[in-house]
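Here's the letter readout for the chains.
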Amino acid sequence: MCGIVGLFAKNPEVEANLGALLAPMLFEMSDRGPDSAGVAFYREPVAAGHTKLTLQHDDLNFDWSALRKGIKEKFGANKGIERRANHAVIVAHADAAPVEAWIEERYPDVKIMSAGEAIEIYKEVGRPEAFIETFDIKSLNGTHALGHTRMATESKVTTAGSHPFSTGLDLCLVHNGSLSNHNGLRRMLRREGIRFQTLNDTEVAAGYMMWRQREGDTLTEMMDNAFEDLDGFYTFLIGTRDGFSVVRDPIACKPAVLAETDEWVAMSSEYRSIATLPGAENAKTWEPAPATVYSWEKEAVR
Amino acid sequence: MTTATDVEVVDLATTPLRELNQRLHDGAAGGPLRWRIINPNGAHAVAVGVDAPFEIEIDGHTGYYTAGMNKHAHVRVNGNVGVGCGENIMSGSIHITGNASQACAATGRGGLVIVDGDAAARCGISMKGVEIVVKGSIGHMSAFMAQSGALVVCGDAGDSLGDSIYETHIYVRGSVEGLGADCIEKELKEFHREELGRLLTAAGADAKVDEFKRYGSARRLYNFNIDHAGEY
Chain D
17 MCGIVGLFAK
27 NPEVEANLGA
37 LLAPMLFEMS
47 DRGPDSAGVA
57 FYREPVAAGH
67 TKLTLQHDDL
77 NFDWSALRKG
87 IKEKFGANKG
97 IERRANHAVI
107 VAHADAAPVE
117 AWIEERYPDV
127 KIMSAGEAIE
137 IYKEVGRPEA
147 FIETFDIKSL
157 NGTHALGHTR
167 MATESKVTTA
177 GSHPFSTGLD
187 LCLVHNGSLS
197 NHNGLRRMLR
207 REGIRFQTLN
217 DTEVAAGYMM
227 WRQREGDTLT
237 EMMDNAFEDL
247 DGFYTFLIGT
257 RDGFSVVRDP
267 IACKPAVLAE
277 TDEWVAMSSE
287 YRSIATLPGA
297 ENAKTWEPAP
307 ATVYSWEKEA
317 VR
Chain B
318 MTTATDVEVV
328 DLATTPLREL
338 NQRLHDGAAG
348 GPLRWRIINP
358 NGAHAVAVGV
368 DAPFEIEIDG
378 HTGYYTAGMN
388 KHAHVRVNGN
398 VGVGCGENIM
408 SGSIHITGNA
418 SQACAATGRG
428 GLVIVDGDAA
438 ARCGISMKGV
448 EIVVKGSIGH
458 MSAFMAQSGA
468 LVVCGDAGDS
478 LGDSIYETHI
488 YVRGSVEGLG
498 ADCIEKELKE
508 FHREELGRLL
518 TAAGADAKVD
528 EFKRYGSARR
538 LYNFNIDHAG
548 EY
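The listed protein sequences derive, respectively, from chains D and B. Okay, so the first sequence: first residue is 17 according to my numbering, each after it adds one. Okay, so the second sequence: first residue is 318 according to my numbering, each after it adds one.
Possibly wrong hints are sitting among the right ones.
Unchecked claim - Non-contacting residues of chain D with respect to chain B, defined by C-beta distances greater than 12 Å in every case (computed): (1) Asp-111; (2) Ser-194; (3) Arg-288; (4) Trp-302.
Claimed, not checked - What the simulated footprint calls covered on chain B by chain D, stretch by stretch (three residues with Cβ under 8 Å from a Cβ of chain D suffice, anywhere in the stretch; the number is not a length): (5) 347-355; (6) 445-452.
Just so you know, these hints were derived from the structure itself, not from any lab. Remember, it's a predicted structure, so these values are computed and weren't measured experimentally. Idealized CB from N, CA, C, for every residue including glycine.
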C-alpha cells in the first residue's frame, strides 16, 4: 500500500511552518504505511562550494563530534553538527564526492542519507506518529518537503529500505506501488556502476533515475525512459532542489490527489491528508492523469 | 420526537464514522429521514450500506467507497469523492457536485449516479444496470466489461472505452481517445434517444441528444469460439 505526501510552499509563512503542516499530512497516511516513515526537507541551502550531508548511525549515542572534527580538518566545516534522533546534518566546505568517499572509508557504519545544497532526509522504522515525535518534524522549516509511510511488501523493514531514497545531489524519490523487473534492472545498473544497499524495488527506481541523470537526461527525458523500462505500478513523487514532480504509471494503478491554493501545492495518496491543510476545502483539487509529469518549481530560489 | 421534515445533522469531526454508519443502518427501522453530514474531511466509507429511502447530504470532500452498496437512499455530496464512490449501488441515487476519483459506480446494479465534474479512470467498470451521467470527462478503461445500464459522458472519454463490453449503452458527446476490444460506435436508435433524453433531464445536464454518439458491443467476444482458441 504505502502513503505519499508532498507540500510545496508559495509564501514565507508556509515555509516557516512547513514541518508543522507536513506532520499531520504524514500522520493521516499511517493506515497506509505503519512499518516505517521518512521525509525529505529542502531548507536553508548552504553557500556555494559547500555540501550539506544528512548522516545516520544505528547507535543513538554515536560520537558525531569526532566525525565532524575529522571532516573539518580534511575539508573545513563551517557549521556545527545538527542532530535529530540518530541522524545528523553536517556541512563540509567541499564537493560531495570526496566527503562521501572519506566518510565511507573511515566510518563504514555511518549511512549517508542525502547530500546536496538544501536537502535533508530523515527516515526510520516504526509508526509514523513515533517518527514525527522522535525527529521533531514539526519544528522543521523549508521551501518544500516530501514524506512517505511504508507498508513493506517485497523487502525487509529497515532504515535503509525506508523512503525517501536519495537519487543524487539534492534529489530524492518516494514511491507507492511495486516494480516487477527490479532484479534485472539492478543487475544492469550495477554494471553501470550504480551501488545499492538493499533488495528494495524503489531503490532500483532511484538508482535508475541516478543513472539517467548521469547520462544527461532532463526530467522529461528521464520519465519517458522510465515509462519504457520500469515494469510495474507506481506513483512517484520526485524531489529536486527547487521543487517536486508527481508522476503515475501509464494505467494509473496507484492513487494520487493534487491540490493547489495561492499559499501551497499539496500532493497525497488520499485527500484526507490534504484536508488537514488550512484552506483545503477551497483548494483546486484534482487527480493527476496517467503517464503525465506534474512539476512545481521555485523560480527565485537561486 | 422527530418528524419527516427534521434534518439530523452529524458532525464527523466529533462523531466516529462507525457510529454514523450504524445509525444510518439502524434508522431503516424508523427515525429521521433527512440527514446532513458535515466535516467528512476525506473520510472513507461515509454512508455505505444504507438500505432506507433517506435523503443524505454530505458537505465536503469524501474518501473511498462513499455511499457504496446504496439502496433506496438519495445521497448528495457537495464536494469531490475518492475511489469507488457508489460501488455496487443497488438503487436510489448519488449526486456528486465535484469530481469523482477512479472506479466511480463500479459494479453498480441499479440507481442513478450523477457527477457534475469529471470522473477519473475506470468509471462504471463492470457496471450491471446502474445509470451514470458524468457532466465532465471520464478517464481511461471506463465501462470495462460493462454488462448493462447506461453511461452518459457530456465531455470526453479516455483510452480503451468499453473494453470487453456486454450490453451497456455508452453515450459520449465529446471525443473518445480510443475504444477497447469489441467496443464500436453504434446507431442511435429511437429507444436510445429516449433513454439518453431521460437521463440528461434527470441529471439536469445542459446537452442535447443529437450531440452524442453511442458506443456498444460488437458482440464478437460473447462466446468461446473453438476456431479462435489460439487467440484467447
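So, going through the hints one by one against the coordinates:
| no. | hint | result |
| --- | --- | --- |
| 1 | Asp-111 | holds (44 Å) |
| 2 | Ser-194 | holds (18 Å) |
| 3 | Arg-288 | violated (3 Å) |
| 4 | Trp-302 | violated (6 Å) |
| 5 | 347-355 | violated (count 0) |
| 6 | 445-452 | violated (count 0) |
In this structure, the earlier hints numbered 3, 4, 5 and 6 are contradicted, and the remaining ones agree with it.
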